[in-house]
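Chains as they are written, first to last, in this note's numbering: chain A, 1 to 353; chain B, 354 to 864; chain C, 865 to 1205.
For the record, the hints were derived by calculation from the structure and aren't laboratory data. Glycine included, C-beta positions come from ideal geometry on N, C-alpha and C. Just so you know, not all the hints are guaranteed correct.
Stated by the list, open to error - The following label-pair restraints were derived from C-beta to C-beta distances: (1) A/Tyr332 to C/Ala886: 50 to 56 Å; (2) C/Tyr963 to A/Ala342: 37 to 43 Å; (3) A/Val18 to C/Tyr986: 21 to 27 Å.
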Amino acid sequence: MESLVKKFTQSSLALPLVALAVLLLFNAFFVDDFFKIEVMENGNLYGRPIDILYRASSLIILALGMTFVIATGGIDISVGAVVAISSATCCVMLGGDISGIPEHPFFVAILASLCVGIVAGIWNGTLVAKLKIQAMVATLILMTAGRGIAQLMTDGQIITVYYKPFAYIGGNIPGVMLPTAMIIALAMVLLVLFINKRTSIGLMIQSVGINANAARYAGIKVTAVLFAVYIFSGFCAGTAGLIEGSLIRAADANNAGLNMEMDAILAVTLGGTLMVGGRYYIGGTIIGAITIQTLTTTMYAIGVSSDRLPAVKAIVILLIIVFQSEKFKEMYRNYKLKRLDAQLGSKKEVTNA
Amino acid sequence: MALEDNEYILQMKHIDMFFPGVKALKDVSFNLKKGEIISLMGENGAGKSTLVKVLTGVYHKTNGEITFDGKVIEPTTPLASQQMGISTVYQEVNLCANLSVAENIYIGREPRGAFGRIDWATMQKNASDLLFRELGIDIDVTKELNFYPVAMQQMIAIARAIDTQCKVLILDEPTSSLSDKETERLFKIMRNLKSQGISIIFISHFLEQIYTICDRITVLRDGTYIGEYDIKSLPRIELISKMMGKEVKEGEIESNVDKSVPRENVFLETEHVTVPGKVKDLSMDIKSGEVVGFAGLLGSGRSEIAETLFGTLLKSSGNIYIDGTAVSVKTPMDMMKNRIAFCPEDRKVQGIIGDLSVRENIILALQAKNGMFKHMSRHRQNKLADYYINLLRIKVSDREQLIKNLSGGNQQKVIIARWLATEPNLLILDEPTRGIDVGTKSEIEALAVSLAKEKGMAVVFISGEMGEMVRTCSRVMVIRDHEKITELNDDEISTAHIMQAIAGDYHGKSC
Amino acid sequence: MRSRFLSNLVASQNFPFYVTGALFIILFGFGSVLFDGFFSLQVFLNLFIDNAPLIIVTVGITFTILSGFGGIDLSVGAVVSLSCMTLAVLMRDTTISPYVCMAIVLAIGFTVGLVNGLLITYFRLQPFIVTLGTMFLCRGLTAILSRDSVPIDNPQYSDLAFFSFEFGDYFLSLGAVIALFMVVLATLILRYTSFGRGVYAIGGNEQSAKLMGLKTDSIRVRVYIISGFCAALGGICYSWIMLSGYTLHGLGMEMDAIASSVIGGTQLMGGVGFMPGTLLGVMIQGSILTIISFQGTLSAWWTKIVVGLLLCLFIVMQALVNAHKNKLMNQIAEGSVKDSK
């Protein structure tokens, strides 16, 4: 039993899980019926835990893409803007016709949105991998211009989509218990885990993040790896754009994906991946994303309003990262050592006597 | 006893340094006289750097006493020990590369002008004067430090140490990246400092240099103190025996490796290969089963040739043939697919992936070669890693240990293992023994020869130490100014001939 | 081989500054050619007037980027917003003199900077994340003070806001003068004080700086204090322009500041940067916006796209020039070493 506990505390998932557990505990005490899940009359599942996972879906997807980018030592702050472009693309392709008849077939619209994400990734990849521009600055360009592009596509309007199946992405497909967004997120997670286990791309990504030069000398195609991670991040943003657009059944170029890049980066960091790159933790990222969403849901549940939310979020996150930091662990170890010394000291006295 | 103590500037007595689970230093002594140059010798892991870290306040000793300039001291931080008069110049020069030369010398003590502002003009003049006066160097001190090569940066670090009135100067592997000429200049400066009464601790693996410049040697082995000796009364063989802890017979270290015998087939051939500014019109061949050396001065272009053969540098003209067929080279992977392997010169920057484990570092190139879809199972990775750890006698507690925590020699072995795992037909080793202790050096030399002899591999051995190449190579190509000027074969190969060839006075079998 | 002059120019540390300067001149010239009335001193001075807050904020953020260790301060925009709101609310709900209010706001900026600095330095937390956290915190605090826009209608304050330095037909606002003063002050600090040099040192190699005796922790904390203080000062100048407090003030300003700093030659990895260059960076961004406003027909979103594209153009050019510069530097270095031997 003791070794199991030890194994857990030393694993990379420990701290993120503890943070989440503390939050859940808080909820258990202060929020009624937090853990209750019930089945609604239309066959869908309903309850706060479901709500959290459901709302966290976009964030989980974005954070997965962000994990790999950060693991290479880079960053992608354009994802929020790409979400806006992608959701605008889908809505424009479906059209705002009141009768609900789409201008283009649904799956073409979906494909277009995903392609938009991929193109964004290729753009970012070219700047970072080929032109060797620093990631933060390179993705800043798309972040700045991206919303402009989205607004251009929607002509500054908010396009409401009446085509019924569009709502299925953000809601439930008739007859399916779980919200579609959760299914998509789950699929992404499984895909990522599969790729991670079955291919050696993970090793290559980490090598590039730790020492890109040495990776090159070892035969790794560094440019290709960098392109891959930015394209994947773009693809994730495209997917998230579909979900976000579907949630409001419209394209809102100004607000879609707003600040999502920051949340994604936070999720990755809470999960244990360092911003300098190297080792990454998919499980940690997922838990980090869920934690952030739980925090938001918790705050709403106890009545904190949406404009005050950032303040509380900030304090909780700062506390979490302080506790997760090396320095804190060091302080804790020193504290334990001192207590041990004191105990031994008293033991010594006993034996001497 | 008191009179004797006066001639010592530094005395470390009964030093213990214990870490959890490891006794890095046990009852170690170290004595340094005023105005002497002493060498601190020992194999990797013997405790040299630990002792220096105790002296400079990076580690806090567990037990023991340090007396400096007559007073007992307790250095708590590197800064404190510096302020006491003990300065260190490390291999990775500990200066700020983005600041100018003048600033690096004076930072923290800049000359001031009106309103307490930094007086740049005076600072730059002082820096210039200092460098010229103490080191005979005349450079533009307003340029950024990283504008200058490592050799010069070291000089600047030494200048700073001198100017901060150090009484003890510790030089940690200062000559690893220096050419012979630069080393000579360093020694001249060291002798000058010695005459001013400054004591120097010289840490190096280059036996010849130690015998040239040092007065005495202190030997450590496995964290224990073996003894202090006068240079004049300690033959090299005895020194090595003391370092390794076993009797070494005369001639055993010198040349205990038989030369390889090249097979008949030419594995790789180049025809007028040119890389502008880096490789001039190179035509040569490498046969399977032989060890070929590239000899030349620092900066003569040997590494560039190696990189061109491997594909990290791209040729602009000329052809490369492998087993008779021309190959197109666009990436290192192209050459890897042609069974060429390359162990780069600077293992820290071009070799190790620090935060990955030994296992991951070993399988990396092979995995890259297989492609990301043919992922090696963990089981297979473990087997492979264990095989090479065994074969090369890499000292690790566990294959999951992070490579950055290994000693230089073991790190080098891991990189070599990485390339051996790809089962190459041509293995290029660029300075594989740099910064590595004597014992591991001879292991690597023997490995190179046995790979050629027993496995029929073609091996390229690039080293700045001619002795190494004389011992291992059956053919030596002499490179000067990015051009191959001549080749030496079998019995022609000797340090004298190589040096003559570089100077242009020897003409062996020319291309 | 290039001429001596050109190679000296490239090798000089201020080369990126010259490039940025040249590009600004080209940009301004472009506007002058395209539009009547563009080529006037007042249009030039307006660059400082309209962008005074951004200039001050960028000065502060540049300090953090210079200090290395992933140094950055994402909280500056939020501090600007918090400053404006605090001023507005204090002047509306209390009788505290405007000058004291401004002092309070500066103290707030100082404190935010201190919190950032301590968390980053003593807990070794990543600056990106910490300042992201304080950004959320400050935005949240702003909203707590008031969800709606709060106008500032204190007569004393308005006097300050409309105060201008006039010379002939031209004028500069108080904010612009303060901004220029801050740039000069920062340049002097970075060049002539040990603190300033220390910032470059820890940005270059913190380990070495420590070994050389610099108090690296203290320097780092001070850098973040400066950034927080500048953000608050920028907030005060912003309030002179907007005469209100609002949760959306300063939104995205941190990104504008980072972009300006980078355009001005500051490298995100630390240790490299020239303060006058960052002033040019803001002026370039300002010129782009001025050109767009002169054009008149470009909608808000086109503006975003054009700014993004120009930013891209600039950064790509910088990258290419740097790559070329490295090549040239290598050649020069080989030459100089031969000389000294």
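Checked hints:
Judged by the Cβ atoms, the range 50 to 56 Å given for A/Tyr332 and C/Ala886 holds: they are separated by roughly 55 Å. In this structure the hint that C/Tyr963 and A/Ala342 lie 37 to 43 Å apart at CB is violated, the actual value being about 54 Å. The supplied range of 21 to 27 Å is met by A/Val18 and C/Tyr986, whose beta-carbon atoms lie about 22 Å from each other.
Violated hint: 2 only; the structure is consistent with all others.
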